[in-house]
Amino acid sequence: MMEKLLETARKVSDKAEVYSADSWGDSVSFEDAHLKDVQSSMQSGISLRTIKNNTLGFAYTKNLVNREELIKNALDSLKGGVEGFFELPITKDLQSLDTYDPLIETLTNSEIVEECSRVCEFLSRRTEGQINISASRLINNRRLINSSGTDLSLKSSAYILNAQVLYPYSYASLYRTLKSKSFKKAPDEYMEYLINTYNQSMKEVIPEKKKMKVLFLPETVYVLMWRLQSSTSGLSIYQNISPVAEKIGERIFDEKLSIFNEPLDDSLPGARAFDDEGTPCSRFPVIENGVLRNFHYDLYFAQKLKTSPTGHGFKGSVSSKPGPSLSHLAILPGNTSFPGLVKSIDQGIIIAGALGAHSGNIPNGDFSIGVSPALYIEKGEIVGNVKDVMVAGNIYDTLKNIVEIENTLHPCFGGKFPSILFDNVNVTIKN
Numbered sequence: 001m002m003e004k005l006l007e008t009a010r011k012v013s014d015k016a017e018v019y020s021a022d023s024w025g026d027s028v029s030f031e032d033a034h035l036k037d038v039q040s041s042m043q044s045g046i047s048l049r050t051i052k053n054n055t056l057g058f059a060y061t062k063n064l065v066n067r068e069e070l071i072k073n074a075l076d077s078l079k080g081g082v083e084g085f086f087e088l089p090i091t092k093d094l095q096s097l098d099t100y101d102p103l104i105e106t107l108t109n110s111e112i113v114e115e116c117s118r119v120c121e122f123l124s125r126r127t128e129g130q131i132n133i134s135a136s137r138l139i140n141n142r143r144l145i146n147s148s149g150t151d152l153s154l155k156s157s158a159y160i161l162n163a164q165v166l167y168p169y170s171y172a173s174l175y176r177t178l179k180s181k182s183f184k185k186a187p188d189e190y191m192e193y194l195i196n197t198y199n200q201s202m203k204e205v206i207p208e209k210k211k212m213k214v215l216f217l218p219e220t221v222y223v224l225m226w227r228l229q230s231s232t233s234g235l236s237i238y239q240n241i242s243p244v245a246e247k248i249g250e251r252i253f254d255e256k257l258s259i260f261n262e263p264l265d266d267s268l269p270g271a272r273a274f275d276d277e278g279t280p281c282s283r284f285p286v287i288e289n290g291v292l293r294n295f296h297y298d299l300y301f302a303q304k305l306k307t308s309p310t311g312h313g314f315k316g317s318v319s320s321k322p323g324p325s326l327s328h329l330a331i332l333p334g335n336t337s338f339p340g341l342v343k344s345i346d347q348g349i350i351i352a353g354a355l356g357a358h359s360g361n362i363p364n365g366d367f368s369i370g371v372s373p374a375l376y377i378e379k380g381e382i383v384g385n386v387k388d389v390m391v392a393g394n395i396y397d398t399l400k401n402i403v404e405i406e407n408t409l410h411p412c413f414g415g416k417f418p419s420i421l422f423d424n425v426n427v428t429i430k431n
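Mapping the sequence shown onto the working numbering, position 415 (from 1) lands on 415, and the numbers just tick up by one.
Hints are computed from structural coordinates only; laboratory data are not their basis.
Among the clues, some could well be false.
[Said to hold, decoys possible] Listed below are the simulated DSS-like cross-link pairs for lysine-lysine, each with C-alpha atoms no more than 25 Å apart in a straight line:
{"#": "1", "residue 1": "LYS4", "residue 2": "LYS52"}
{"#": "2", "residue 1": "LYS321", "residue 2": "LYS155"}
{"#": "3", "residue 1": "LYS52", "residue 2": "LYS304"}
{"#": "4", "residue 1": "LYS79", "residue 2": "LYS52"}
{"#": "5", "residue 1": "LYS315", "residue 2": "LYS79"}
{"#": "6", "residue 1": "LYS15", "residue 2": "LYS72"}
{"#": "7", "residue 1": "LYS15", "residue 2": "LYS52"}
{"#": "8", "residue 1": "LYS315", "residue 2": "LYS155"}
{"#": "9", "residue 1": "LYS306", "residue 2": "LYS247"}
{"#": "10", "residue 1": "LYS400", "residue 2": "LYS210"}
{"#": "11", "residue 1": "LYS185", "residue 2": "LYS256"}
{"#": "12", "residue 1": "LYS304", "residue 2": "LYS315"}
{"#": "13", "residue 1": "LYS211", "residue 2": "LYS400"}
{"#": "14", "residue 1": "LYS92", "residue 2": "LYS15"}
{"#": "15", "residue 1": "LYS209", "residue 2": "LYS430"}
{"#": "16", "residue 1": "LYS4", "residue 2": "LYS92"}
{"#": "17", "residue 1": "LYS11", "residue 2": "LYS72"}
{"#": "18", "residue 1": "LYS430", "residue 2": "LYS203"}
{"#": "19", "residue 1": "LYS11", "residue 2": "LYS92"}
{"#": "20", "residue 1": "LYS430", "residue 2": "LYS379"}
{"#": "21", "residue 1": "LYS306", "residue 2": "LYS15"}
{"#": "22", "residue 1": "LYS184", "residue 2": "LYS62"}
{"#": "23", "residue 1": "LYS36", "residue 2": "LYS11"}
{"#": "24", "residue 1": "LYS315", "residue 2": "LYS52"}
{"#": "25", "residue 1": "LYS343", "residue 2": "LYS379"}
{"#": "26", "residue 1": "LYS321", "residue 2": "LYS306"}
{"#": "27", "residue 1": "LYS400", "residue 2": "LYS247"}
{"#": "28", "residue 1": "LYS379", "residue 2": "LYS209"}
{"#": "29", "residue 1": "LYS430", "residue 2": "LYS210"}
{"#": "30", "residue 1": "LYS304", "residue 2": "LYS321"}
[As the list claims (entries may be wrong)] Cβ-Cβ distance ranges computed for the label pairs, FRET-style:
{"#": "31", "residue 1": "ASP366", "residue 2": "LYS210", "range": "37 to 47 Å"}
{"#": "32", "residue 1": "PRO187", "residue 2": "LYS209", "range": "35 to 45 Å"}
{"#": "33", "residue 1": "SER148", "residue 2": "SER44", "range": "19 to 29 Å"}
{"#": "34", "residue 1": "LYS379", "residue 2": "LEU103", "range": "39 to 49 Å"}
{"#": "35", "residue 1": "ASP76", "residue 2": "PRO187", "range": "50 to 60 Å"}
{"#": "36", "residue 1": "TYR193", "residue 2": "TRP24", "range": "23 to 33 Å"}
{"#": "37", "residue 1": "ASP397", "residue 2": "THR108", "range": "44 to 54 Å"}
{"#": "38", "residue 1": "ARG143", "residue 2": "LEU103", "range": "16 to 26 Å"}
{"#": "39", "residue 1": "LYS209", "residue 2": "SER44", "range": "49 to 59 Å"}
{"#": "40", "residue 1": "ASP366", "residue 2": "ALA33", "range": "36 to 46 Å"}
Beta carbons are placed, not taken as given, at the ideal position from N, Cα and C, and that holds for glycine.
Construct all of the structure, not just a fragment, from the sequences and the given hints.
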C-alpha cells in the first residue's frame, strides 16, 4: 500500500515521502481510589510529502481509501508556495535499538486494574489525600519510505503508570510517573516518596516573605527546558528570535548543568534510531558544563540555514509536518539525593506543579508560573504547603544560579530530569 502510493506520487512530483503510524492500547483510571474507567483505543494514519519544482506539498488521511485523492490534496497544497529545496535522506544502516517488549501484548486489563488497586491500597493506608491513578499500555508502529530509497520501520511498546495524591479542597496534587517497555510493579520507594512528601506538606502555612531558594521537582523542569528547546531550535534561529543565536561555544548557564538529547537510550520507552524524516539520530549535546554546544534542525530549517540536519525532525502527530524538536532530553545527574537537597535548604519553596507554563516569551526564555502545589521548606524539612505562589524569571538568569542537582533522573514530560535547586529566583506570595 505504501509502496504503491510512493510510486504513484513519484510520477507527478520530483521527490516524495510516505509516513505511516498506527497505535493501539488500553488505559485504566482510578478516582478516589476506586475504578473509574477502562478504555481501549486504536489509531492509524498515513501522510504524504511531495516536492515539485522546489515547492513542498503535504496531505494526510486516517484511512487510505483513495490514493489518487491523497496525492491530489498534496499537489493542491503546493499552491501555498512553501519552499522545498531540501533533499530527502538516503538512510540505510542504523544502530539497532531494543524498543519493543513482546510481553506487553500478554498484559491484560485485569492485571493493570489489579496493580492500580494495589497502589491505591498502599497509598490509602498511609495518607489521607485523595488517590487518583492512571495506567496504560501502548504499542506503536511507524514506517517511512521515500523516493531516495529510504525504507525504515520501528515497533515500540510502553507501560505507563501515574499516581497522584490530591491536597484537600483543591485539584493540586503531588504526582510521579513510571515508564517501562513492559509491565513492572510500582516499587515501594516510588510510593514511599509520594506518601512521605505529601504527609509532610499537608499543613497550610504562610511563610515569612524574604528571598528564598527554589527547588524544581523533575515534573516541573519542563518549564525551563521548553524555553531552552525553543531558543536552540532551527526555527527560532531562522526567525532571528533566539537570544543565543550567536553564542555557540559560550558558557550561558551554570557549569553544573549538562543537557543532552538521547534518542538512542533504549532503557525507557520511546527510543529512536531515526527521526520522522528518516535522518539518523544520535546522542546530541545541547549544553555541556554550562556551555552551549549545538542548535537542532530538521531538513527544512537545515536547508534554510545552509547547515546539516541533526536528526530532530519530529511530528506532533501523523497529521502534522515535521519540525525541529528535542524529544529525548536528559539532564546529567548531580551528586545529592532528593532528601539531601531538602536538608540543605534553610528556607525555600518546592515547585511540585506548574500552572501557565505556556505564558511569557518562550523563545526569549521568560517564564511566569503559578505554583500548585508549592511545598514549603524550613530548616531542612518540608513543613507544609503555601497557597497563591507565583514564580517568574528568565532561564538565562535562573540556570546560572544552580545550587545543586539531584543524583537521580526520573521519566517526565519532555525527557528524563532530576530535581534542581536554584538560588535567587523571584518568588511572589499573595498576602
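How the hints compare with the structure:
{"no.": "1", "hint": "LYS4 x LYS52", "verdict": "19 Å, holds"}
{"no.": "2", "hint": "LYS321 x LYS155", "verdict": "21 Å, holds"}
{"no.": "3", "hint": "LYS52 x LYS304", "verdict": "17 Å, holds"}
{"no.": "4", "hint": "LYS79 x LYS52", "verdict": "11 Å, holds"}
{"no.": "5", "hint": "LYS315 x LYS79", "verdict": "22 Å, holds"}
{"no.": "6", "hint": "LYS15 x LYS72", "verdict": "15 Å, holds"}
{"no.": "7", "hint": "LYS15 x LYS52", "verdict": "7 Å, holds"}
{"no.": "8", "hint": "LYS315 x LYS155", "verdict": "17 Å, holds"}
{"no.": "9", "hint": "LYS306 x LYS247", "verdict": "18 Å, holds"}
{"no.": "10", "hint": "LYS400 x LYS210", "verdict": "21 Å, holds"}
{"no.": "11", "hint": "LYS185 x LYS256", "verdict": "34 Å, violated"}
{"no.": "12", "hint": "LYS304 x LYS315", "verdict": "19 Å, holds"}
{"no.": "13", "hint": "LYS211 x LYS400", "verdict": "17 Å, holds"}
{"no.": "14", "hint": "LYS92 x LYS15", "verdict": "18 Å, holds"}
{"no.": "15", "hint": "LYS209 x LYS430", "verdict": "10 Å, holds"}
{"no.": "16", "hint": "LYS4 x LYS92", "verdict": "21 Å, holds"}
{"no.": "17", "hint": "LYS11 x LYS72", "verdict": "12 Å, holds"}
{"no.": "18", "hint": "LYS430 x LYS203", "verdict": "17 Å, holds"}
{"no.": "19", "hint": "LYS11 x LYS92", "verdict": "24 Å, holds"}
{"no.": "20", "hint": "LYS430 x LYS379", "verdict": "22 Å, holds"}
{"no.": "21", "hint": "LYS306 x LYS15", "verdict": "20 Å, holds"}
{"no.": "22", "hint": "LYS184 x LYS62", "verdict": "33 Å, violated"}
{"no.": "23", "hint": "LYS36 x LYS11", "verdict": "52 Å, violated"}
{"no.": "24", "hint": "LYS315 x LYS52", "verdict": "22 Å, holds"}
{"no.": "25", "hint": "LYS343 x LYS379", "verdict": "7 Å, holds"}
{"no.": "26", "hint": "LYS321 x LYS306", "verdict": "20 Å, holds"}
{"no.": "27", "hint": "LYS400 x LYS247", "verdict": "15 Å, holds"}
{"no.": "28", "hint": "LYS379 x LYS209", "verdict": "15 Å, holds"}
{"no.": "29", "hint": "LYS430 x LYS210", "verdict": "13 Å, holds"}
{"no.": "30", "hint": "LYS304 x LYS321", "verdict": "16 Å, holds"}
{"no.": "31", "hint": "ASP366 x LYS210: 37 to 47 Å", "verdict": "24 Å, violated"}
{"no.": "32", "hint": "PRO187 x LYS209: 35 to 45 Å", "verdict": "39 Å, holds"}
{"no.": "33", "hint": "SER148 x SER44: 19 to 29 Å", "verdict": "25 Å, holds"}
{"no.": "34", "hint": "LYS379 x LEU103: 39 to 49 Å", "verdict": "47 Å, holds"}
{"no.": "35", "hint": "ASP76 x PRO187: 50 to 60 Å", "verdict": "54 Å, holds"}
{"no.": "36", "hint": "TYR193 x TRP24: 23 to 33 Å", "verdict": "32 Å, holds"}
{"no.": "37", "hint": "ASP397 x THR108: 44 to 54 Å", "verdict": "50 Å, holds"}
{"no.": "38", "hint": "ARG143 x LEU103: 16 to 26 Å", "verdict": "23 Å, holds"}
{"no.": "39", "hint": "LYS209 x SER44: 49 to 59 Å", "verdict": "55 Å, holds"}
{"no.": "40", "hint": "ASP366 x ALA33: 36 to 46 Å", "verdict": "40 Å, holds"}
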